[in-house]
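S.K.: Sequence:
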Amino acid sequence: MKQTALDGLTEEEVRERSADGRVNHDPETTSRSTWQIVYANVFNPVNAIMLALFVLILIAGFPADGLFVGVVIGNSVIGVSQEVYARRELQKLQLLNSPNVRVIRNGEERDIEAQSIVLDDLLLIGAGDQIVVDGEVIKTLGLEIDESLLTGESDPISKSIGDEVLSGSFVNAGSGIFQATRVGGDSYANALAMEAKRFSLVDSELRKGINSILRVLMFLIPPAGALLLFSLLDVEDQWQNALQGSVAAAVAMVPDGLVLLTSLSFVAGVITIARKQALAKELATVELLARVDTLCLDKTGTITTGDISYGDLVPIGPNTFEYAFECLSAVAHSDPDPNPTMRAIAEVTEKPAGWIAIDSEPFNSARKWSAVQFEHHGTFFIGAPDILIDATKGEAKSQAQAQAETGRRVLALCQGSQAISDGHSESTEPVALVLLDDTVRSDAPEILKFFSDQGVSLKVISGDNTATVSTVASRAGVPNADQSVDARTLDDEEKLSQAIKESTVFGRVTPHQKRS
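Its first residue numbered 1383, the sequence shown is counted upward by one per residue in this note's numbering.
Treat the hints with care, since some could be wrong.
Taking lysine to aspartate or glutamate pairs in the DMTMM-like style, the calculated list, with each CA pair at most 20 Å apart, reads [stated by the list, open to error]:
hint: 1; residue 1: Lys1779; residue 2: Glu1828
hint: 2; residue 1: Lys1775; residue 2: Glu1757
hint: 3; residue 1: Lys1658; residue 2: Asp1680
hint: 4; residue 1: Lys1590; residue 2: Glu1577
hint: 5; residue 1: Lys1658; residue 2: Asp1772
hint: 6; residue 1: Lys1883; residue 2: Asp1873
hint: 7; residue 1: Lys1750; residue 2: Glu1875
hint: 8; residue 1: Lys1750; residue 2: Glu1732
hint: 9; residue 1: Lys1750; residue 2: Glu1808
hint: 10; residue 1: Lys1750; residue 2: Glu1704
hint: 11; residue 1: Lys1521; residue 2: Asp1389
hint: 12; residue 1: Lys1883; residue 2: Asp1719
hint: 13; residue 1: Lys1841; residue 2: Glu1808
No lab work stands behind these hints: they were computed from the structure.
The structure displayed is predicted, hence computed values, not measured ones.
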């Protein structure tokens, strides 16, 4: 249902959708139940053999000789406790944290719980709000969305009417209204969370090898035990003693110590992983990590901290570095509402004396520039070079393009005499190019070198510009970071397969491509 006015749903429409289940309830868990976990860890081949032998030793009347069943109990307790703990921690996993939202119903604004949202609801959002359901924008006032948590794209995205917004993203600036199109388990964030929580059995080579041995023993032990029992009956006075000897021999044939030792080794690995703030879904995950031959990484928040740092300043034309740096410092310290870029520049500069700001305009991703007007120094614009540098200024345009091809973020600092309200024009002169860098995590080079030294192939996958990702990967020490590809060109399976073999860095990767 498409709303034609901003009146929202009526109470009757809300009740109808709630009754049909079109409501933003948390999706059902995809993890194993407690009974399934217990069943999987207790009823397995080695336990089946050992429990059968334990029953026989009880029948023979020697319960003291049944201490070997402790291996069964210990192994089962270890497996069950680890999986139950992992399941409990996974249930805490969520991308959505907003307890209340503001909606329009019956033409009135009201606050409701996020779980009470129904399909087609109209939701109001503003700066700092998290989007809790997927939807379509129907009204916007400079709305900018940060989707880095979902896509890895570090730059805020300006949204227009008709654009899609995804649950799990945040409003970076502006405000707007959107209509809910996917709620509950159908929403993007919940789908990601459900995928992370979904249980799948780890393909463990150790477990498969042990189970193969046990399957053979399950066929060998009964006839071998029977033959031994009959032979012992000829020399023993009582059948109980003969059965006791047969069970003892059979227990010796079962590699129960190997199974317990393997579980204890896995537990040691799981504890080590937990100390690194990571979670193993099941014990055999440790073995799987040891067999990793390819490691795929995102850029934003993984290799980098997600912060921007000032890199360099390149004067344009007759301007000196000193003059350009003074102008940049004044602009950075005169912005009343600085964005992360301006804050990064302000951290490495000081406000020069004599620069008095009389007007300013904050950055807007649709306009792609911000501006500050000074009392005696004119108006300075800072933003995207392709917007601020006029096409007639060929040399400055070429310089900006050359810097952009290095993978660094490039901003143009331009000066004019007009008022901010008049905007930039052909008379606006470029002063300098501001080069910005993504801040690489301090421990990233060491960690990536470790994996590389272990023979693990590294692949960097990001939604950012390919050249930028390649530069960051190179700074972090990723081998062959210059072997990059724009994922937008990988429009069929053959190209994708070839790129995976030949390339290290993948830029402009869509969320769908990341998941597949």
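S.K.: For this structure, which hints from the list above don't hold up?
M.R.: 1, 2, 4, 5, 7, 8, 10, 12, 13
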